[in-house]
Every structure is written in structure tokens, then in C-alpha cells.
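Undergrad: Here is what each chain is made of, one letter per residue.
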Amino acid sequence: MSGCYGIRNANGGGDIEEIPARRPNPSDIALPAGYKIEAVATNLTFPSAIAFDDSGTPYVVESGYSYGEEWTEPRLLRIEPDGRKVTVATGGKNGPWNGVTFHQGSFYISEGGVLEGGKILRVNPGGQITTMISGLPSYGDHHTNGPVVRDGYVYFGQGTATNSGVVGKDNLEFGWLKRKPDFHDIPCQDVTLNGRDYKTDNVLTDDPDDKARTGPYLPFNTPAKKNQVISGQLPCSGAIMRIPVSGGPAELVAWGLRNPYGMAYSPDGRLFITENAYDVRGSRPVWGTGDVLWEIKPGTWYGWPDYSAGRPVDSKGFKVPGEGKPKPVLAKYPNDPPKPTAVLGVHSSSNGFDFARSTSFGEQGEAFIAQFGDMAPNVGKVLSPVGYKIVKVNTTNGVVTDFAVNKGKKNGPASWLKSGGFERPNAVQFSPDGNTLYVVDFGIMQVTKEKTHPVEGTGVLWKITKGGN
Amino acid sequence: METTRNNKISLLGTLLVSLLIVFASCTYRRSLPLKGPLDTQTASVQKGEVIFMEHCQKCHPQGEGGLGPAINHIPNPPKRLQIRLGLGAMPAFGKDQISKEELDNLMAYLKALRNNKG
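Protein chains in written order, with my numbering: chain E, 1 to 469; chain F, 1001 to 1118.
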């Protein structure tokens, strides 16, 4: 019967034949009664995040890089009341700029660092950029994320180099393995391998008979040994780290996270993050893993690369249909991974989020999460588009509820539905007064077996208010 | 025993395929912004919603299609059977994972979700 799943076509939301013009239309988006949405700014290129200065003026970052190996110029833009965009600062060819926050007169930006390594930047209102830390291990699949500033520290997330710990053919397809053939994941503390490694074609040579054996936390074509200890170091992969606002080396907060993307403090002062879970790709594919909302407890290991959402990857439900189930690669674990706050849609790309705080907007304490949407078939098969909306999460009981979705018989991005609604929401942020929820919509990204094609100039900034706000 | 189980799975598969064809022209979307809050918010429905979030939501977000197929249009009896036996890529959920009481609550939630047509 697993063959039934195997023969069904992948049906991701990015699988569109033609790129339509982007015509945002708020009436194509459904919201709970009493709320309204409107487009604030359009024609953005790969917008990824938003922050507000002390006067409440919104600033958007355009990432400057997208999957699909598309480079543009990273920019920090001030959004004027009439929707005009004023450039405050620009970066080099080292995107993606994945996040931004404002603290005591300065912007803090996480620079993904595909070519030069990840960085945390401080930008003053005049546009002058200071690098606070560089050399973060961002050359791979996932990059530097966050940041938030709290209690004198800049907290940021660092994604892993690989899907599940093992460098392979999928990383060549991402584009980085040829650039950085020695790059691999770096544990934050010492880990002991159980000796399992993975045989593949040697994709770095032209000889089709040349084979490679690659172990976890090791460069491509480097086998693992039983009980081999890989030394932990900082900065590391798959972690939450922090640096003092005054500058200094990275300190470890938590680790064992695949791609900790979104980051926010709850109104009662707890740190939460969203984690993009495993894909069905590479030498060690893992199936059926939902993205996760975690509460971060300092010093804790969250399970990557041997657990998903607190469950071992060799337990039932994670086996790729028609293939063998994933096997653990570590001989022992730092701790039992905690229980997730909430588990979100498989391949939903649950990214930036924020907590509701105001009585005017309502839903106080709920986490609002932007879901970028699936990148099937490259991340694995889905039977229907996943994500492309805003959900809210009750962090007490883990209940996930749709909050803003595209109208239509089916769920999907506007380009797939042929409507004027959301494309790929990547971040949400409440205004400083808490009365308005801004939605950063990355724009159109076509994803087919042959290519990943993000479309410049299709990003939109939306805002949602309640009643007469 | 194996033959009996295979027969059950085959029967369940046939039933589900038939239901999919019958309801192919319907929309399975039931979420809050489209249909409003659930009509029934009993304690059983609320407990069932939490169970759904723990075990089902990731593949069937709000009961819609995702990694797996939409389930909002399927009546409860085959769904109950499918949860216990598994089907295709979907694993079985034993009583050690979802107790009988939890399954009853889950069914109450799924029924409320299915009937939430705005």
C-alpha cells in the first residue's frame, strides 16, 4: 500500500508553469471576523524581515540572496507612509540578510553569509555598517538567522550545513559543495559517532565509477569510525548563540537544531524559536518531520541529527515510503531532547514569528508564525501545497490555528491559485504598539524538479489590523 | 492473522478511494478564517484538538491536504480504523500512543471539524 503514496504526483505550491504578474489583492485573503489586511509596499525583491525604529517607522530587509543561487543586493529599506522605499544601507555579495531588529538606536542584521560566512551586523540610522561577529559557519544549506536583543546580548540562530549531518549530492545541487568541498557541520560540544557512514557517487569527480563514503560532521568523502569523537567548537552549526551587545565572542545558548530560523521572546520573557525540519533529500533523507516551535532552555541539545520534534528518527513515521528508515549516527546523546511547544506542517517552512501583546489586536500571548510554504519537490513530495499563510499557536497546549489564508477551494500561493493573495510569507512582526501585524511576503518562488526560480520585484509588505485601527 | 489484516487494509483502501472520488469536487477547507470557529467546543472536542495537534496536524494541517491527503471529508469510522491500522505511508497509532479515550476525543474533534462548513 505504500506504493499508492509513491505513485502519486508531488503537488507543491511552487510548481507553476509560468510566472504571473504580482497583483496583490487583500480581498483574496481570508481573516477571522473583525480583521482587515492591506498591502503597504510592493515590488520588493526577496524581502525577509521587518523591524521598527523608536518612532514606529517600519524598515524591511531585502535578503540579497535566495535559494536558486540568485544574488541581488542586500538592502535595509525604510518604508514611508505612502509605500515608498528609501535605502538606508546596502550589503555585499554575502546574503541572505535573514533578519533584523532595532535596539537603542541601531539595527542588528543577521547576514546569512553564503560566500564569506555568516555575520551579525550593526547598522546605524545613517547606514554605516559595523561587523560584530564574522566567520559563522553559513556556507552550506542553512545560514545565520535571528537576531533578537535581550539583556545586553544579541541572540542569533545558526543553521546546519546539511539536511541531516552528512554532506552529499544534494549539497552539490544546492550549489555550495563545489565552492566549499571541505565544509561540513560543526558540533557545539564533543559528539561520539557510532561509525555509520553513507556511500554515494563521488560527485566531485567526473568518473561515474568513483564512489565516496561520508560520515556525519565530516567533509565529503571522509568515512566515519566507530566511537570517533568530533570535537565541539564555537561558533558551531545548528545552534542558538549570543554575543554581547558591546561585542565579543560567540557563546552557546542551545544546540541540536537543524535550521533555527525565527526567534522571539514571549511577553512573559521566554525565548522561542522556529526550526525548519528535515527534508527528504541527500544521503540520509528523513520523511514526515514537522517544523517545530521550541521554547529554548539554555544548555539544552534539541536532537538534531538523530531526533525530530523530540522523537528518534528511527521510530515509526520517519521512514521514506519505499525506502529504509533513517538510522542514528551518534553513539550517545547529550540529553533527552525536550518536548516541542508545537509541531507545524511538514515542509511548511515555518519561519519568522512574533507574539501578540495588545488588547486592541487581541489574541494576547499567541505566537503568530509566517509559513513560507513548501519547496516541493526539492524537499520531498507533498500531496497538496503546505504553508503560504499565517498561523497562530497557543504555546500552552500546542494548538495551531490558521489566522490568515488565501481564499480558494485549495490552499496554496497566489501564483498557484491565480489570485492576488499571499505568495510566501517569511516573517511577521507586530508594530511597537502591538496594534498592527506586519507580514513580510517574500514573493514568487517557482520550484520544479529542474530549477528553483525566485522572482525579483514580487515581494509585498502587508499589514493586518483589527476593527478601525 | 496476516491475511485477515491484509483483507482489512484492502477493504479500507477501497472504501477510502471510493470516498475520495465521491467527494472529489468538494472543498475540504474548514479553518477559522474561512469557516469561523468550530460550532461545537465541548471538553471532548478541545481535548481531541490537542491530540490532533500532537499526532495529525503536521501531515493534515487543519484536516486539509499537505504531506498527506485531506481528511475533512471522510466520515469517522474509516478514520478510526485507519488510525489504528495505518494505511500506505501513514503509520498505525497503537493504544500506547493514542489511548481509547484519547481516540474518542480525537474523533469528536474530527467530527466537529468536518461539520464546520461556515
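Incorrect hints may have been included.
[To be verified] Taking lysine-lysine and the BS3-like style, the derived pairs with C-alpha atoms no more than 25 angstroms apart in a straight line are:
{"#": "1", "chain 1": "E", "residue 1": "199", "chain 2": "E", "residue 2": "36"}
{"#": "2", "chain 1": "E", "residue 1": "418", "chain 2": "F", "residue 2": "1079"}
{"#": "3", "chain 1": "E", "residue 1": "407", "chain 2": "F", "residue 2": "1095"}
{"#": "4", "chain 1": "F", "residue 1": "1095", "chain 2": "E", "residue 2": "409"}
{"#": "5", "chain 1": "F", "residue 1": "1117", "chain 2": "E", "residue 2": "36"}
{"#": "6", "chain 1": "E", "residue 1": "316", "chain 2": "F", "residue 2": "1100"}
{"#": "7", "chain 1": "E", "residue 1": "325", "chain 2": "F", "residue 2": "1100"}
[Stated by the list, open to error] Which bits of chain E does chain F cover? Going by a derived footprint, with three or more residues having C-beta under 8 angstroms, they are:
{"#": "8", "stretch": "162-175"}
{"#": "9", "stretch": "392-402"}
[What the hints assert, rightly or not] A few chain F residues facing chain E, derived, Cβ under 10 angstroms:
{"#": "10", "residue": "1027"}
{"#": "11", "residue": "1028"}
{"#": "12", "residue": "1034"}
{"#": "13", "residue": "1036"}
{"#": "14", "residue": "1040"}
{"#": "15", "residue": "1043"}
{"#": "16", "residue": "1046"}
{"#": "17", "residue": "1049"}
{"#": "18", "residue": "1058"}
{"#": "19", "residue": "1061"}
{"#": "20", "residue": "1070"}
No lab work stands behind these hints: they were computed from the structure.
Glycine is no exception: its CB is placed at the ideal position from the N, C-alpha and C atoms.
Undergrad: Give a verdict on every hint.
TA: Status of each hint after checking the structure:
1. E/199 - E/36: Distance ~53 angstroms between residue 199 of chain E and residue 36 of chain E Cα, so the pair is violated.
2. E/418 - F/1079: violated (33 angstroms)
3. E/407 - F/1095: violated (38 angstroms)
4. F/1095 - E/409: Since the Cα atoms of residue 1095 of chain F and residue 409 of chain E sit roughly 35 angstroms apart, the hinted pair is violated (cutoff 25 angstroms).
5. F/1117 - E/36: It holds: about 22 angstroms lies between the C-alpha atoms, which stays within 25 angstroms.
6. E/316 - F/1100: holds (20 angstroms)
7. E/325 - F/1100: violated (28 angstroms)
8. 162-175: violated (count 0)
9. 392-402: As far as the stretch 392-402 of chain E goes, the hint holds, because 6 residues have Cβ atoms under 8 angstroms from chain F.
10. 1027: At about 4 angstroms, which falls below the 10 angstroms cut-off, the nearest Cβ of chain E leaves the hint on residue 1027 of chain F intact, so it holds.
11. 1028: With a minimum Cβ separation of about 8 angstroms from chain E (threshold 10 angstroms), the hint on residue 1028 of chain F holds.
12. 1034: Result: holds, 5 angstroms to nearest chain E Cβ.
13. 1036: Status holds, d = 7 angstroms.
14. 1040: violated (16 angstroms)
15. 1043: violated (13 angstroms)
16. 1046: holds (9 angstroms)
17. 1049: Result: holds, 6 angstroms to nearest chain E Cβ.
18. 1058: holds (3 angstroms)
19. 1061: holds (4 angstroms)
20. 1070: The hint holds - residue 1070 of chain F has a Cβ within 10 angstroms of chain E, the shortest such distance being about 7 angstroms.
This entry does not satisfy hints 1, 2, 3, 4, 7, 8, 14 and 15, going by the numbered hints stated previously.
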